[in-house]
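Undergrad: As they're listed, the protein sequences go chains A and B. Residue numbers for the first sequence follow this note's numbering, beginning at 5 and rising by one. Residue numbers for the second sequence follow this note's numbering, beginning at 337 and rising by one.
Keep in mind the hints are simulated off the structure, nothing from the lab. Please note that the accuracy of each hint is not assured.
Stretches of chain B that chain A covers, calculated by requiring three or more beta carbons in the stretch to come under 8 Å of a beta carbon on chain A [as the list claims (entries may be wrong)]:
#1 357–368
#2 427–439
#3 466–473
#4 525–534
For each residue, glycine too, the CB sits at the ideal point set by N, CA and C.
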Amino acid sequence: MDTLIFGGLFAALVVLYQGRPRKILLAVWWVVLCATIALLAHHITSSLKLGLSY
Amino acid sequence: MAATTTAPTAADSTRPLGRLQFWFACFFAVGWTGVVCGGLGVQFISWDYPCPLCMVQRMFMLLAALGAAWIVRRGMTGTVTGRDYMMGWGMALVAVMAGGFASWRQTMLHILPGDKGYGNPVLGLHMYVWAWILFMASVVAVGVVLTFAHLTSDTELPVTPLYRRAGLAVLGFVGLVIAVNLVAVFLLEGFHWFLPDDPIRYQFFHDIGVT
C-alpha cells in the first residue's frame, strides 16, 4: 500500500505539472490523503491513551 | 471573496511584498521535500530501515509540499488567484495537521521512561520528534502567511525566465524525491500490502532470493 500511495503522490504531481483542472488534482490529492490516513489507522494497533492513564 | 479572483489593480502590482507568497510557496515545497531527503539520508547513509509510521509521515510531508507546489505551478503561468492561494495553503494545512498527529502518535509510543526510541537521534532528537516540531511550525507559518495575505500575495506575477526556472526546479525536486521514495519503499515492502512494524531488510530482494 505504501508503494501505491507514493505512486499516487507522483500521479498528483504529474496532474499538477500538466496544468489539468483543479478538480482533477483535488480528487487525486484527497484520494491519496485518505489512503494515507487509512494506512496510519492500520498501523495504530494500541490505545491512544488520551485518558493519560498509563 | 470575489475581489481575490478578479484581475489585479495597479495598486496590487506595486505592493512591495506582493510576490512574497510565491517565493514562500517555493521555500515551503523545497523545505518539506528537503526534510524527506533527510529521512532518505538516514535510511541510506546510516542504513536505518524506516518504520511504517516514518513512511506515513513522509507521505504527509509530500502531500503538504504538493499544496505549495500548486501555488508554484500557478505562479509559473503568471496568474495566481486568491482561490489558488487558498487551495494550496488549505491542502498544506490539512496535510501538516495529519502529519502532526502521526508524529505525535509515534512520539507517544516512546514517551515512557527507559524507552530509547526508534532509530538513532539526529541533533539530539529522534526523527519523529523533529517531524512533530516542523509540522507544528508549518501550521503557524501557514497561518501567518494567510493573515498577511492582503500584503504578500499578487494575483499576477511576471512571466520571466526566473520565475519559470525557479518553478521548474521546485517541481523537479519534489518529483525526484517522490520517485526515489517510490522505488525505496517498493524495495522495502516488496509485493506485500504493509511494512512490518520493525523492518529488518529490503523485503523485495529477500523475496526474489538475492539476500
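Undergrad: Does each hint hold? Answer for all of them.
TA: Each hint, compared with the structure:
no. : hint    : result
1   : 357–368 : violated (count 0)
2   : 427–439 : holds (count 6)
3   : 466–473 : violated (count 0)
4   : 525–534 : holds (count 5)
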